[in-house]
Every structure is written in C-alpha cells, then in structure tokens.
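Trainee: Here are the chains, one letter per residue:
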Amino acid sequence: MIGPVVGIIANPVSARDIRRVISHAGCLQITDRASIVLRVLAGLAASGVREVVMMPDRSGLRGYLTRAMTRAENAGEARFPELRFLDMKVSGQSADSANAARQMRKMDVAAIIVLGGDGTHRIVVAECGNVPIAGISTGTNNAFPETREPTVTGLAVGLAVTGAVPSAAAFADNKRLEVTINDRHEIALVDVAIVRDRFVGSRAIWKADSFTELFVAFAEPTSIGMSSIVGLLAPVTRSAPYGRRVIFERPETAPFRLCAPIAPGLMQKVGVQRVETIRLHTPMTPAAPAGSLAFDGEREVTFSHEDEVRIILSDAAFRTIDVSACMAHAATKGRFVEADGALSVFNRQLGG
Amino acid sequence: MSNNPFPLSKEKLLEAYRMMRTIREFEERLHVDFARGDIPGFVHLYAGEEAVATGIMMHLNDRDRIASTHRGHGHCIAKGVDVKEMMAEIYGKATGACRGKGGSMHIANLSKGMMGANGILGAGAPLICGAALAAQKLGHGGVGVSFVGDGGSNQGTFLESLNLASVWNLPAIFVVENNGYAESTSVEWAVAGDSYVDRATGFGMPGVSVDGTDFFAVYEAIGEIVKRAREGGGPSLIECKTVRFHGHFEGDAQTYRGKGELEDIRANKDCIKIFRNRVRDAGVVSDAEFDKIDKAVVALIEEAVVEAKAAPLPKAGELLTDVYVAY
Numbered sequence: 001m002i003g004p005v006v007g008i009i010a011n012p013v014s015a016r017d018i019r020r021v022i023s024h025a026g027c028l029q030i031t032d033r034a035s036i037v038l039r040v041l042a043g044l045a046a047s048g049v050r051e052v053v054m055m056p057d058r059s060g061l062r063g064y065l066t067r068a069m070t071r072a073e074n075a076g077e078a079r080f081p082e083l084r085f086l087d088m089k090v091s092g093q094s095a096d097s098a099n100a101a102r103q104m105r106k107m108d109v110a111a112i113i114v115l116g117g118d119g120t121h122r123i124v125v126a127e128c129g130n131v132p133i134a135g136i137s138t139g140t141n142n143a144f145p146e147t148r149e150p151t152v153t154g155l156a157v158g159l160a161v162t163g164a165v166p167s168a169a170a171f172a173d174n175k176r177l178e179v180t181i182n183d184r185h186e187i188a189l190v191d192v193a194i195v196r197d198r199f200v201g202s203r204a205i206w207k208a209d210s211f212t213e214l215f216v217a218f219a220e221p222t223s224i225g226m227s228s229i230v231g232l233l234a235p236v237t238r239s240a241p242y243g244r245r246v247i248f249e250r251p252e253t254a255p256f257r258l259c260a261p262i263a264p265g266l267m268q269k270v271g272v273q274r275v276e277t278i279r280l281h282t283p284m285t286p287a288a289p290a291g292s293l294a295f296d297g298e299r300e301v302t303f304s305h306e307d308e309v310r311i312i313l314s315d316a317a318f319r320t321i322d323v324s325a326c327m328a329h330a331a332t333k334g335r336f337v338e339a340d341g342a343l344s345v346f347n348r349q350l351g352g
Numbered sequence: 001m002s003n004n005p006f007p008l009s010k011e012k013l014l015e016a017y018r019m020m021r022t023i024r025e026f027e028e029r030l031h032v033d034f035a036r037g038d039i040p041g042f043v044h045l046y047a048g049e050e051a052v053a054t055g056i057m058m059h060l061n062d063r064d065r066i067a068s069t070h071r072g073h074g075h076c077i078a079k080g081v082d083v084k085e086m087m088a089e090i091y092g093k094a095t096g097a098c099r100g101k102g103g104s105m106h107i108a109n110l111s112k113g114m115m116g117a118n119g120i121l122g123a124g125a126p127l128i129c130g131a132a133l134a135a136q137k138l139g140h141g142g143v144g145v146s147f148v149g150d151g152g153s154n155q156g157t158f159l160e161s162l163n164l165a166s167v168w169n170l171p172a173i174f175v176v177e178n179n180g181y182a183e184s185t186s187v188e189w190a191v192a193g194d195s196y197v198d199r200a201t202g203f204g205m206p207g208v209s210v211d212g213t214d215f216f217a218v219y220e221a222i223g224e225i226v227k228r229a230r231e232g233g234g235p236s237l238i239e240c241k242t243v244r245f246h247g248h249f250e251g252d253a254q255t256y257r258g259k260g261e262l263e264d265i266r267a268n269k270d271c272i273k274i275f276r277n278r279v280r281d282a283g284v285v286s287d288a289e290f291d292k293i294d295k296a297v298v299a300l301i302e303e304a305v306v307e308a309k310a311a312p313l314p315k316a317g318e319l320l321t322d323v324y325v326a327y
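Sequence lines, in order, name chains A and P.
Each residue of the first sequence is one higher than the last, beginning at 1 in my numbering.
Each residue of the second sequence is one higher than the last, beginning at 1 in my numbering.
Hint data in this document are derived by calculation from the structure and do not stem from the laboratory.
Source: prediction; values computed, not measured.
Warning: the hint list may mix true and false statements.
To be verified - Result set (DSS-like, lysine-lysine): computed pairs, CA atoms no more than 27 Å apart in a straight line:
no.	chain 1	residue 1	chain 2	residue 2
1	A	LYS89	P	LYS259
2	A	LYS207	P	LYS259
3	A	LYS89	P	LYS269
4	P	LYS273	A	LYS269
5	P	LYS10	P	LYS273
Said to hold, decoys possible - Covered stretches of chain P (chain A as the covering partner; in silico rule of three or more C-beta atoms under 8 Å from a C-beta of chain A):
no.	region
6	134–142
7	205–218
8	311–324
The beta-carbon is built from N, C-alpha and C at its ideal position, and this holds for glycine as well.
Make the full structure from the sequences, and use the hints.
Mentor: Spelled out as structure tokens, the structure:
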C-alpha cells in the first residue's frame, strides 16, 4: 500500500434514455468519459494520490484509458497514479456499479469518485457505506452531482484523502430518502416521485399529468429534474434538517400552478395542491393507492394497494467530499504554490 | 381504462401479446421442423426478441416502411405479413409470400410496407433512406424503419445511411437489435466505442438505449421517436438490448455462450413471460384470457405448417418469374 487508495466508478452507459429524443438531453460519448477519468487521475496525482482502483467495463473505457496511460509511460511522464481494475464480472448493467461499490468498500478505499447522473450516484451510495463519494455529472438529470471540471474534483479528493485538508472541512454528511416496499429497501438521494403509470417502461418520467406526489431530501432553485419543483417553490438546502413533500393536482383545479424544468430542456406545468415540510425519521405513506415509484427521476418499482410502502427522510446517511471547501482550504494554505523565500501566504495571495 | 395502468387499452395489450406469441410459436415450430429436415435453406430465428418488433410495429401503419434483416420473421409477422404465406414461403412453396422463391431471408410484402428480409448485413439501412426520402417528398407523414443487428451495425452501408439520413433530415429510424452476438462474436470484441448511441451522436441525431426484453420500454421510447420523425424532427437511432433464444442459425452449436447463459435468459429475460406477468399482476388480463390466445396461436401455426406442406412447389417453367421486384 502506497498511501490512500481512491476508487473510481464511471458508468459508461448513463445518459442514454429517451430524454435525448423528448427534450434534447445531452449525450456524453465514451471517449469524453475516458477523458474525464484521465483528468480526474491527473488531479489525484497532483494532490498526492499514488494508487487508484477502477470499476472495469465493457464499453471501451478501459481501452481508451490504457492507451493514454501507456503513452504517458512511454514518454516518461508521471502524470497519472497507478491504475488497476477490480477483478469482477462485468454485466453491462447497473449491477456493475453496485458490485464495484461493494468491493471498494470492502477494500476500505479512502473515497470513491463517481461518474454518472443521479441514478448512478444512488446505486453507489446504496453500497458504499461510510466511504465518502465525490460526484461528477455525466448523466441526464444531475441534481445530486455538481457540475465542475473533473481535474478540480480529482485535486480536491486527493487533498481530502491525504489529510491535506482537515476532515471537518473535507467531508460533509448528507440526507437521503429511505424507501421500503414490503421487504424491499431502496434509497433516493434527491427525490422520490409517485406517478400513476404502473409500469417501469423507459424509466424516465416526463408526463406531468401522471405525477401524484413528490418527496425531496433537498431542492435547490438551480436544480434540474423533479426536485426543481420544490426548488422553485420552497427550496431546501442539502444540510437542512428537513425535507419537503408535494401533493400534485390537475392544473385545472389546483390552487396554484408552477412551470419547472423537470428534465433537461423540458419545462412542464404542474398543478400543486399543497407543499408540506417533512421531518427526519418520520415514516410517510404515499397518498396514491397504486402507481410507480421513481427514484431520482427514474421509475424503478410499481406498487398496488396490496403493497406496504414507507418513505423516511434520514440524515447523516452518507458522506461526500466537499470539493469547494477542500479547494478553498488549499488556496488559503498555499497548497499548490511554490515560492522562494519565506513569503507569507497572505502576501502570496495578493501577488506580493 | 381507469383501472388499466398501461399506455395501451386492454384490446391493444391483447393484440401485443397475440403478436409476440405468434412470432414465438412460429419460430419454435421452425426450430423443430428444421431439425427434422423439412425446411430447405437457412433459417435465423427471432425467438427471444419479440418485444422489439412488436413494440415498434404497433406504432406503424401500412404506409410506413420497414427494412428487415436475415433474422426477419418477427419483423414480417409484426408488420402484418400473413403467417400462412410466410410459412409456405419458408417451405419453398408456390403459395408463399414470394411464390416460394425468396425463402426465409427474402420475405417481403410491399402492401404491408415490408420491404423485405435481407440476407446482406447492413443492406436494409440504405433502402430505408430511400423509403424515408419518398415519404418526405410525398409529405404523407410516413416513416422508414431499418433494423440491423449489433454485427450489421459495423457495416459501412449502415454508417453511410446514418450520415445520409441526417444530411437530408429524413424521417428514418434506425433500430439496432443488440442481442450480444454478431454470429458467434461478442459485441465486446467487435464494436469500437461499444455504444450505438455514441454513433448516432456522431452523425448528428439522437440515440437512445432501452431494455429490449421489456415491451413497455420499447413501446414507450419508439412512440416518441416515431412522433419526432413524423413531425419533421429527422432521424433517430434506438438500441434495443435483447436476447436470442437460439443460435445464429439453426444448427449453430453455440459454443461461444457462457455456461448456463441460455437457461438464464430463458428463465429471466423472456419478454413474453415478463409482459404476461406484469399485465396479469395489474389485474388487466387474466391467465384464462392469455391461455385462450396461446391455444389459438398454436392452432394457427399448426394449420400454417399443414397447409405449407400440402402446397405445391413452384413449377420449373416459372423459374424466372417473380424473381425481381419493381418498387
């Protein structure tokens, strides 16, 4: 072992659903994903990480990464940490991300960097336990992972796991929604939407007339996806000790209506009957007797009046790396500054 | 409809089930009859992939044209080609859809918009560009749908067609039926980038990927894609991740498959089983109603085989007739 090991789970097939046709959602090509990983690796190396373990895939990522890293090695450049791949069977399904997160947790990696949208992050968080994650947006809805240059995320993760930034500043606790359907347990990092459709179909949700109810762990005014509805009505920060619940009604009869970006490029008018604040650790039951549960924007489970569905908002449920705080700390301490003599950090920051 | 949580009426759900069951029964019967030596030529069976053809074709009408592949029986049946004429064609009989001269890989019926199964990999895509161009020029709102397998998608004709369709903003839809194997070669070893969606993006059109074993996933996604094409939004690509229950061709020993793979996909990825369970569990259609369809379908295929066997062969004097088709 040569210092902390960082894990990378890069979903090669996120951002592939019907929202590309419906609303012009983006499509990140596999070569772009490989480039993102290489930029993350460069950032990690620059902040002192020497070893990285990654989820294998069969979509070409490994080939592109190996090509770039071999070239760097041939050129004598020490730009990247040592990279190895988990020994696991690749299915090409979301189970790969879950399996990789489980293995990384067992290996006790210092952090996991996740490339994906809200759905991928949800899958990783369900399995990573107390291992902190850092998200990079490569999905369709990216309400949970922040949009940021991956090099900087790599730098910040390196600073956090090598101890260059104190834990209190480097890591943040997060809320999440815990959902049980009879004996099945699911989670959502941002929102749980209840829709009338009782089939999973193409998973994405975009038809406002099918919405019946929404639960959010947090909702920012700048958010995209279902949580934007709350973000534009009654925002909730990621750290606030409560969440929100929205009961929808047909726009024609609802007390008020709202137009919100429920998917990239898709503004939809929704009718809202009421918005409630939900407390931590308090079980709630959907008002609708049947429908589908969409976690972080994707239909996953159908239910009927015979099923017992419970939704609970929990706090301190998983940890993330606070990239902004890490970089701010590094800047304050002059972590990346090389200077002759004994210039104070203050002087350096002023260019003195 | 108030208790029906699906995007189709009960009648349409039953129609979808009947369509998928007809394709399955047709193919499973061919599997048996081919092994017995009753059928001339080659057959490539579509069993396992029924949700793709059915989910797509339920959005099309006779004016919409499709171009199929070597694995085309499912496309033909779902597009409305007569099952008895198809069976007779595969048996090489004069009563067949192409008078017994086309066989499995050239079944066509232009009145149904079925431009033909095709023995040449990747050859359907350029045909569909032509059909889509005609629809665009005639302004009747028709679309062209090209099917290709994961292997055929590597053909230059397919990639050139993506380019042409995008350049001319054609109402063309490219369906990649990814069953995991190009004959015996896994997609893992044969597709650079390994993403058909990426290829669509490279040619300036949206691409989506769906679970092809889930009828509702295919139906819902293709509905949006067809709508886009009809409204002048241009071409799209859809990858349907599916499975095939039989070999590439009948007689294929399938040594390239993993241990237990076939048993697993038959048990867990059978699109008809998934559809039936979901619709029954929602209380929309009963097992008895499904069983009735099963029985009718078995009887239909049996009749088709009996009639095909009893039908005459084409006469020697007709050797050169009906060989070429004027579009």
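Trainee: Run every hint past the structure and note whether it holds.
Mentor: Each hint tested on the structure:
1. Taking the CA atoms of LYS89 (chain A) and LYS259 (chain P), the gap is about 14 Å. The hint holds against a cut of 27 Å.
2. The hinted pair formed by LYS207 (chain A) and LYS259 (chain P) fails the criterion: a straight-line CA distance of about 42 Å is larger than 27 Å.
3. At roughly 19 Å between alpha-carbon atoms, LYS89 (chain A) and LYS269 (chain P) fall within 27 Å of each other, so this suggested pair holds.
4. The straight-line distance between the Cα atoms of LYS273 (chain P) and LYS269 (chain A) is roughly 37 Å, outside the 27 Å bound, and the hint therefore fails.
5. Our distance criterion of 27 Å between C-alpha atoms is met by LYS10 (chain P) and LYS273 (chain P), whose separation comes to about 17 Å.
6. With 0 residues having a beta carbon nearer than 8 Å to a beta carbon of chain A, the region 134–142 of chain P misses the requirement of three or more and the stated coverage is violated.
7. For a cut-off of 8 Å, the count of residues in the region 205–218 of chain P with a CB near a CB of chain A stands at 8, and the three-residue condition holds.
8. Chain A is given as covering the region 311–324 of chain P, and this is violated because 0 residues of the stretch bring a CB closer than 8 Å to a CB of that chain, at least three being needed.
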